[in-house]
Amino acid sequence: QVQLQESGPGLVKPSETLSLTCTVSGASISDYYWSWIRQPPGKGLEWIGRIYTGGSTNYNPSLNSRVTMSVDTSKNQLSLKLTSVTAADTAVYYCARRTDYMDVWGGGTTVTVSS
Amino acid sequence: DIQMTQSPSSLSASVGDRVNVTCRASQSISNSLNWYQQKVGKAPKLLIYAASSLQGGVPSRFSGSGSGTDFTLTISSLQPEDFATYYCQHSYTTPRSFGQGTRLEI
Chain A
1212 QVQLQESGPG LVKPSETLSL TCTVSGASIS DYYWSWIRQP PGKGLEWIGR IYTGGSTNYN
1272 PSLNSRVTMS VDTSKNQLSL KLTSVTAADT AVYYCARRTD YMDVWGGGTT VTVSS
Chain B
244 DIQMTQSPSS LSASVGDRVN VTCRASQSIS NSLNWYQQKV GKAPKLLIYA ASSLQGGVPS
304 RFSGSGSGTD FTLTISSLQP EDFATYYCQH SYTTPRSFGQ GTRLEI
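As they're listed, the protein sequences go chains A and B. Taken in order, the first sequence gives residues 1212 to 1326; the numbers are from the numbering used here. Taken in order, the second sequence gives residues 244 to 349; the numbers are from the numbering used here.
Note that these hints are calculated values from the structure, not bench results. Errors might be hidden in some of the hints.
Here are the simulated lysine-lysine pairs, BS3-like style, with alpha carbons at most 30 angstroms apart [said to hold, decoys possible]:
(1) B:K285 - A:K1224
(2) A:K1286 - B:K285
(3) A:K1292 - B:K282
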């Protein structure tokens, strides 16, 4: 059974960098594309981007200059970094398997941007 | 970028009703359209992929149809556990994008 678990600081100060990890169990991250999605409080879903092992990435142009995704195959983990955060980046952040259709999701982690 | 528009934004229905939720893409996306269900405080759950393929474990009362720019999610007989928010999402190009959601209420 494939499981994904997001982790990271729940509170980030404005202008700082948000860093999250997604730990994958039950599947090798080398076998799939992986997606990051976020959901601001009370709002809809926003696709942040995707990554494939080997460094192939695609980011949402709305975040392109601030986003970096990477993988650690030794730990079977994905990571997301978002720089220069503002209150608008407050959201639940999800990782998900695949990018054509996202068939397995993590439970999400809430990140609040506030001083 | 491709924009996805769902209608209605909210919908009131009763147990046993047949319900349709529609999704329109700003350009043709062939059959690259997925549907998700999200309950409050939970992650989205994949229901339908490639417009009409039922994800494993999803009840057969859920079905999807459409191609090109217009798509429909149908729930044939609403059950109490179906009251949730539904999102469409295209996978035709990057960036992927979601519709704004349809909240299904009792």
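field: Hints the structure fails to honour
entry: none
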